[in-house]
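Please model the complete structure; the sequences and the hints are all you need to start from.
Listed below, chain by chain, are the residues.
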Amino acid sequence: MLGILGLVLWLGCIICFIIVLIKLFQENGVLHGILGLICGLYTFIWGWINATRLNIKNIMVIWTLLIILSIIVNVTTGGFHYSFGTPATP
Amino acid sequence: MSQAILFRPVFSTILRNRRLGSAICAAALAQLLLTLFGLPGWPCPIFHTLGIPCPGCGLTRATVYLFHGDFKQSLTMHAFAPIFVIALAVITFCTVGPRSHTERIAAGAETLEHYTGLTVLLLSGLILYWLARLVILQTAFVRLIQ
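These protein sequence lines map, in sequence, to chains A and B.
The letter at position 60 of the first sequence is residue 60 when you use my numbering, and the numbering goes up by one with no holes.
The letter at position 60 of the second sequence is residue 60 when you use my numbering, and the numbering goes up by one with no holes.
Everything labelled a hint here was simulated from the structure, so no lab data went into it.
Fair warning: there could be bad hints in the mix.
To be verified - Just a few of them, taken from the derived set where beta-carbon distance is under 8 Å, the chain B residues facing chain A:
(1) R8
(2) V10
(3) G21
(4) A23
(5) I24
(6) C25
(7) C44
(8) P45
(9) H48
(10) T49
(11) P82
(12) F93
(13) T119
(14) V120
(15) L121
(16) L126
We treat Cβ as the ideally placed atom computed from N, Cα and C, and that holds for glycine.
Okay, structure coming up:
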């Protein structure tokens, strides 16, 4: 059940990400857009900085809440695990 | 794609925008610290939804390895970590440094980007590197990022 909830939350996250990414492409051009696609955190920061100007404050609030909820669900279900220190080898 | 788009400065615009620079530095620092202590940081929306690592996945851990002096593990995790560290250092300097220095560095970066297309080259290299890992070493790549 929590797994499905987690997936739904992630889907919400990716929808918000795509909306902000489209804005980034439109406002700053292709290269900034590609940078935003590669680094989701850059898109998130850019979205918050320009939220009022672009009228996407609601989307940013929803995206932030979805990320927080996703992390909580992920940690609760044991989905989060970093292999830092003992990385898997090919 | 026209030459104007390919050679349009990207990094210099980030360097000139102190507000964006401060936010990037703060977020990067928070992300590095969270990763260092094994806590959940910024989750990649692409990886968590589609199960496919994005081109930037593993970059934070690679950077932490680099700070630990473990170059081999850092390059195994993500080969672009040294470039990322240099870019982050320049952004940090331009954010906290005097405005005259910032403008000089940003102008230099703009000239470099305009005449060499360095940003396009790096972004293309990153995408090619990601595609190669995804196509040739898919299972190992996903396991490494998890």
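Results of checking the hints against the structure:
1. R8: Constraint on R8(B) satisfied, holds at 6 Å.
2. V10: Holds, because the Cβ-Cβ distance from V10(B) to chain A comes to roughly 5 Å (cut-off 8 Å).
3. G21: violated, 10 Å
4. A23: holds, 5 Å
5. I24: Check passed: Cβ of I24(B) comes within 6 Å of chain A, closer than 8 Å.
6. C25: violated, 10 Å
7. C44: holds, 6 Å
8. P45: holds, 5 Å
9. H48: holds, 5 Å
10. T49: holds, 4 Å
11. P82: Constraint on P82(B) not satisfied, violated at 16 Å.
12. F93: It is violated, given that the least Cβ distance between F93(B) and chain A is near 18 Å, above 8 Å.
13. T119: Nearest chain A Cβ about 6 Å off; hint holds.
14. V120: Since the shortest Cβ distance to chain A is 7 Å, the answer is holds.
15. L121: Result: violated, 11 Å to nearest chain A Cβ.
16. L126: Hint holds; L126(B) Cβ to chain A Cβ min 6 Å, cut 8 Å.
The structure fails hints 3, 6, 11, 12 and 15 (numbered hints given earlier, in ascending order).
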